[in-house]
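K.L.:
These are the residues of each chain, in order.
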Amino acid sequence: MSYPEKCSGCRSCENFCSLSHGKEIRPAESRIRVVRFEDRGIFIPAFCVQCHRPACKAVCPTQAIYEDEKTGAWLVNQKRCVGCKMCVFSCPVGAISIDRIAGAVKCDLCGGDPHCVRVCPRKAIEFTEYDRVGMNKKRAGLTRLFGAAILKEEQALEIAKGF
Amino acid sequence: MSAVKSYGHVGRIAHVDLSSRKIWSEATAKYAPTVLGGRGINAKILYQGTAPSTGALSPENLLIFGTGPLVGTTCPSSGRVTITAKSPATELYGESNFGGDWGPELKFAGYDHLVIHGRSEKPVYLWIDDGVIEIKDARAIWGADTFRSRELLLELVDDPDAKVISIGPAGENEVRFACVRHQVKHTAGRPGMGAVMGSKRLKAVAVRGSGSVQVGRPDELLEATERIAASIKAHPNYAARTRLAEGACGLGGVADSEQPFGHIVGGNFQTLMLSDYPKQGIEKLCLKYGLRMTGCYNCPVGCFPFLSVPGVGSSEFGCTPQIAWSWGVLNPDPKLAFELSVLSNRLGMDSVSTASVIAFAIDIYKKGILTREDSDGMELKFGERDTLITLMGKIARREGLGNLLAEGVMRAAQKIGKGAEYYAHHAKGLEIASEDPRVVPGVALGFAVGPRTDTTRGMVPTEKVDIDPSLDQKGREEVLAALKDQYGSDKVGHLTEYEGKERVLIRYENNIAMLDIIGMCKFLGLFASGYVPGFIGEEECARLYSCTTGLDTTAEQLLRAAEAVVTLERAYNVRCGISRANDKIPERFFKEPVADGRHKGALLDPTRFERLKDLYYKARGWDVSTGIPSSERLRELGLEDAVLTYAQRAQKLAPNED
Numbered sequence: 001m002s003y004p005e006k007c008s009g010c011r012s013c014e015n016f017c018s019l020s021h022g023k024e025i026r027p028a029e030s031r032i033r034v035v036r037f038e039d040r041g042i043f044i045p046a047f048c049v050q051c052h053r054p055a056c057k058a059v060c061p062t063q064a065i066y067e068d069e070k071t072g073a074w075l076v077n078q079k080r081c082v083g084c085k086m087c088v089f090s091c092p093v094g095a096i097s098i099d100r101i102a103g104a105v106k107c108d109l110c111g112g113d114p115h116c117v118r119v120c121p122r123k124a125i126e127f128t129e130y131d132r133v134g135m136n137k138k139r140a141g142l143t144r145l146f147g148a149a150i151l152k153e154e155q156a157l158e159i160a161k162g163f
Numbered sequence: 001m002s003a004v005k006s007y008g009h010v011g012r013i014a015h016v017d018l019s020s021r022k023i024w025s026e027a028t029a030k031y032a033p034t035v036l037g038g039r040g041i042n043a044k045i046l047y048q049g050t051a052p053s054t055g056a057l058s059p060e061n062l063l064i065f066g067t068g069p070l071v072g073t074t075c076p077s078s079g080r081v082t083i084t085a086k087s088p089a090t091e092l093y094g095e096s097n098f099g100g101d102w103g104p105e106l107k108f109a110g111y112d113h114l115v116i117h118g119r120s121e122k123p124v125y126l127w128i129d130d131g132v133i134e135i136k137d138a139r140a141i142w143g144a145d146t147f148r149s150r151e152l153l154l155e156l157v158d159d160p161d162a163k164v165i166s167i168g169p170a171g172e173n174e175v176r177f178a179c180v181r182h183q184v185k186h187t188a189g190r191p192g193m194g195a196v197m198g199s200k201r202l203k204a205v206a207v208r209g210s211g212s213v214q215v216g217r218p219d220e221l222l223e224a225t226e227r228i229a230a231s232i233k234a235h236p237n238y239a240a241r242t243r244l245a246e247g248a249c250g251l252g253g254v255a256d257s258e259q260p261f262g263h264i265v266g267g268n269f270q271t272l273m274l275s276d277y278p279k280q281g282i283e284k285l286c287l288k289y290g291l292r293m294t295g296c297y298n299c300p301v302g303c304f305p306f307l308s309v310p311g312v313g314s315s316e317f318g319c320t321p322q323i324a325w326s327w328g329v330l331n332p333d334p335k336l337a338f339e340l341s342v343l344s345n346r347l348g349m350d351s352v353s354t355a356s357v358i359a360f361a362i363d364i365y366k367k368g369i370l371t372r373e374d375s376d377g378m379e380l381k382f383g384e385r386d387t388l389i390t391l392m393g394k395i396a397r398r399e400g401l402g403n404l405l406a407e408g409v410m411r412a413a414q415k416i417g418k419g420a421e422y423y424a425h426h427a428k429g430l431e432i433a434s435e436d437p438r439v440v441p442g443v444a445l446g447f448a449v450g451p452r453t454d455t456t457r458g459m460v461p462t463e464k465v466d467i468d469p470s471l472d473q474k475g476r477e478e479v480l481a482a483l484k485d486q487y488g489s490d491k492v493g494h495l496t497e498y499e500g501k502e503r504v505l506i507r508y509e510n511n512i513a514m515l516d517i518i519g520m521c522k523f524l525g526l527f528a529s530g531y532v533p534g535f536i537g538e539e540e541c542a543r544l545y546s547c548t549t550g551l552d553t554t555a556e557q558l559l560r561a562a563e564a565v566v567t568l569e570r571a572y573n574v575r576c577g578i579s580r581a582n583d584k585i586p587e588r589f590f591k592e593p594v595a596d597g598r599h600k601g602a603l604l605d606p607t608r609f610e611r612l613k614d615l616y617y618k619a620r621g622w623d624v625s626t627g628i629p630s631s632e633r634l635r636e637l638g639l640e641d642a643v644l645t646y647a648q649r650a651q652k653l654a655p656n657e658d
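These protein sequence lines are chains A and B, in that order. Per our numbering, residue 1 is the first one in the first sequence, and the count goes up by one each step. Per our numbering, residue 1 is the first one in the second sequence, and the count goes up by one each step.
A few of these clues could be false.
[As the list claims (entries may be wrong)] No more than 27 angstroms apart at the CA atoms, straight line, and that leaves these computed lysine-lysine pairs for DSSO-like:
hint : chain 1 : residue 1 : chain 2 : residue 2
1    : B       : K618      : B       : K584
2    : B       : K335      : A       : K6
3    : A       : K6        : A       : K123
4    : A       : K23       : B       : K5
5    : B       : K418      : B       : K284
6    : B       : K288      : A       : K6
7    : B       : K288      : A       : K137
8    : A       : K6        : B       : K491
9    : B       : K284      : A       : K123
10   : B       : K233      : A       : K123
11   : B       : K288      : A       : K123
12   : B       : K288      : B       : K418
13   : A       : K6        : B       : K233
14   : B       : K288      : A       : K138
15   : B       : K491      : B       : K600
16   : B       : K613      : B       : K484
17   : B       : K284      : B       : K381
18   : B       : K600      : B       : K613
19   : A       : K23       : B       : K233
20   : B       : K233      : B       : K284
21   : A       : K137      : B       : K233
22   : B       : K366      : B       : K415
23   : B       : K464      : B       : K415
[Said to hold, decoys possible] One-sided excerpt, in silico: chain B residues whose CB lies under 7 angstroms from chain A:
hint : residue
24   : G72
25   : V184
26   : N298
27   : C299
28   : V309
If you are wondering where the hints come from, they were derived from the structure by calculation, not from laboratory data. By construction, the Cβ of each residue, glycine as well, lies at the ideal position given by its N, Cα and C atoms.
Using the sequences provided together with the hints, build the complete structure.
P.N.:
Below, the structure is given as structure tokens:
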């Protein structure tokens, strides 16, 4: 889950992703990228959201994309990948890309403890179960709606009465 | 290409001669011993590549962009670039540092440093695309402000993710305090690096890199940087610098938070009494219009409040412009301060110098030294929108009075005469502003002896323990005891004291130089510390340096390199003719006491000030009577190369030396 409103645009996620997967720092091939709108001060972390019915898997001619039993992440079997880029064309958010050596690469959730989430200084990316996404989003949205008031006892009471 | 694998550094220094349009590169390793990287290598290239007689705005000056071995890695805030050239403000060593993403991108494109030689006939920009450097026609963007330049350039290179640095109209017109701007929120300000870029007719440099930075011990680095990032987040100062919230606006509230100390200058040093200005005004503005705190490459802190004010625009609003455009020009309106800050960003001028040159003009206009005829028929008033905006535009375009002011306060005052020089506050040509040296002798010393004249930028955080309202009696005693342990005297914690300030200055100068050399941000070091250790200590820097380069290095070794670099920069200035006699600050600070405020009557004591200089030179290992580092000292620090070219000049100035 990504919270662009919190992102400071620092790209720690890209760098740590790149170092932990490739033993070097090469953000151009990182599996998470920050899409930047510099002049507006808006930064959006973009990565694979692990679709339920992934287009990349559907179009792959060699069935190289398979599910990690432990984490549910979609992984790429590099031995099968022929580098045809069909997955890149089909992914709606550009979350899968081709690197120079391995072929198709995408977020593998670091085996269940994503590095990017650990290092993000603003908690702008979150690793959570599918069923929590909706609730977390609701909570965040309503807190924003009522502002800090919801956190203060007496005002919270008024809000509660209002409902 | 070099056969030896390079860790940390990507291995090459790019050279571009805009006169002959020749492009070549050389190995970084050639320069790396002793000075290690970043600001150090820059200083070495400048020292070797320019003559003492080279004019700052002449084609012979070099404009050097330097990253550092840690830039573009997972090390915290490792996105810094040092720009070095002979400064148009001082005609001496000049250096400026900026963050953002340009430095890492340059390394991903395959270069550690970029050195610009010569001068192009027509406006050009550089396009560096994965190691390939092209000199391109910039006539289509010449004249555009820095925000628009970036937009146009991204279209020209057809890549919205390219990283751009550019100059604005001020740089094009060689305003002596023009800055270099990166994206919308980063500035390399102060000693006129933008003017050097303009004198070379170089409008911008766009970079795209898809390569990598290789590190010596990737697993160790991953572990160390993750641990350090976590410890930074747990730091007691972390929350205050990263949130847009009341009392915690990061740098967003610094103009307000500095007010209680009573040392901030208003209107060309005429008042230190700024309580008329709405308290919390800037903070309120940041809270109302702030989108979020944003940051540089891989920075866990992110100290830029990014504001979007309807009708004014979107940009960051950092600490120095806040002070310069509110109190510096006696402007009570925070929104106008932001507007002025955005305008100076667009025009590409240093906020501190621009505000102080404008304050100087208004001040001497009020005193009758500058007449209405001189001011192009304009009434000059402090805090008035028309005056401020019109003057800023005129300076950038070098029109009328603006042409005079674009030379900076020192040269402008010399030309005006009639006693104007008394009101021109500068150290060797670089404007002194924001903090009053009469109140803080430590600041006075920093301006007098620093290689760039203001390397620490002013008061250090531990210098105000005695009057800090946030400390209770017990807290105060604890901090003072800790300072006594460290510096041998608790006087260093007293704002107006002299004792021990030279040791504090050296400690900070070296810490900052070390971070500039390896490529990390000085706001992670001592400078951000307050009364607790900084976000990152020197031992940790050494560990990161070792993991990245694969060379075991201790903190002492890094600090030794920092000491060498500061001395090399001093040697550069000495070669240009600087000695102790030039290490001075305006006489007004010794003659005219502070007029008002909590430090009313404060004045610098010449004897104690000179004594402070003695102690500084001595601790640096420079000759006390001349302020010149001896040839032995240069050799001791591993600066043999500098000795030969420098000895003659130094001997001429130092008859006492054998």
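K.L.:
Can you confirm whether the C-alpha distance between K6 (chain A) and K123 (chain A) stays at or below 27 angstroms?
P.N.:
With a Cα-Cα distance of about 7 angstroms, the restraint between K6 (chain A) and K123 (chain A) holds, given a limit of 27 angstroms.
K.L.:
Does K123 (chain A) sit within 27 angstroms of K233 (chain B), going by the straight-line distance between their CA atoms?
P.N.:
Holds, at roughly 11 angstroms.
K.L.:
Compare the distance between the alpha carbons of K284 (chain B) and K381 (chain B) with 27 angstroms, and conclude whether the hinted pair is satisfied.
P.N.:
Since the Cα atoms of K284 (chain B) and K381 (chain B) sit roughly 26 angstroms apart, the hinted pair holds (cutoff 27 angstroms).
K.L.:
Take the shortest C-beta to C-beta distance between G72 (chain B) and chain A; is it under 7 angstroms?
P.N.:
6 angstroms, holds
K.L.:
Between K335 (chain B) and K6 (chain A), does the CA-CA distance stay at or below 27 angstroms?
P.N.:
25 angstroms, holds
K.L.:
Do the alpha carbons of K288 (chain B) and K138 (chain A) lie within 27 angstroms of each other, as the hint requires?
P.N.:
25 angstroms, holds
K.L.:
Next pair to validate is K6 (chain A) with K233 (chain B); report whether the Cα-Cα distance is within 27 angstroms.
P.N.:
With a Cα-Cα distance of about 15 angstroms, the restraint between K6 (chain A) and K233 (chain B) holds, given a limit of 27 angstroms.
K.L.:
Decide if the proposed pair is consistent with the structure: K288 (chain B) and K137 (chain A), CA atoms, cutoff 27 angstroms inclusive.
P.N.:
Holds, at roughly 24 angstroms.
K.L.:
Are the Cα positions of K288 (chain B) and K6 (chain A) separated by 27 angstroms at most?
P.N.:
Holds: K288 (chain B) and K6 (chain A) sit about 17 angstroms apart, inside 27 angstroms.
K.L.:
Given the hinted pair K613 (chain B) and K484 (chain B), is their alpha-carbon gap at most 27 angstroms?
P.N.:
Measuring from Cα to Cα gives roughly 21 angstroms; hence the hint holds.
K.L.:
Regarding the pair K464 (chain B) and K415 (chain B), is the alpha-carbon distance no greater than 27 angstroms?
P.N.:
This hinted pair is violated, its Cα atoms lying about 38 angstroms apart.
K.L.:
Take a quick look at whether K618 (chain B) and K584 (chain B) sit within 27 angstroms of each other, Cα to Cα.
P.N.:
Satisfied, since the Cα-Cα distance of roughly 17 angstroms is no more than 27 angstroms.
When held up to the earlier numbered hints, the structure conflicts with 5, 8, 12, 23, 28 and fits the remainder.
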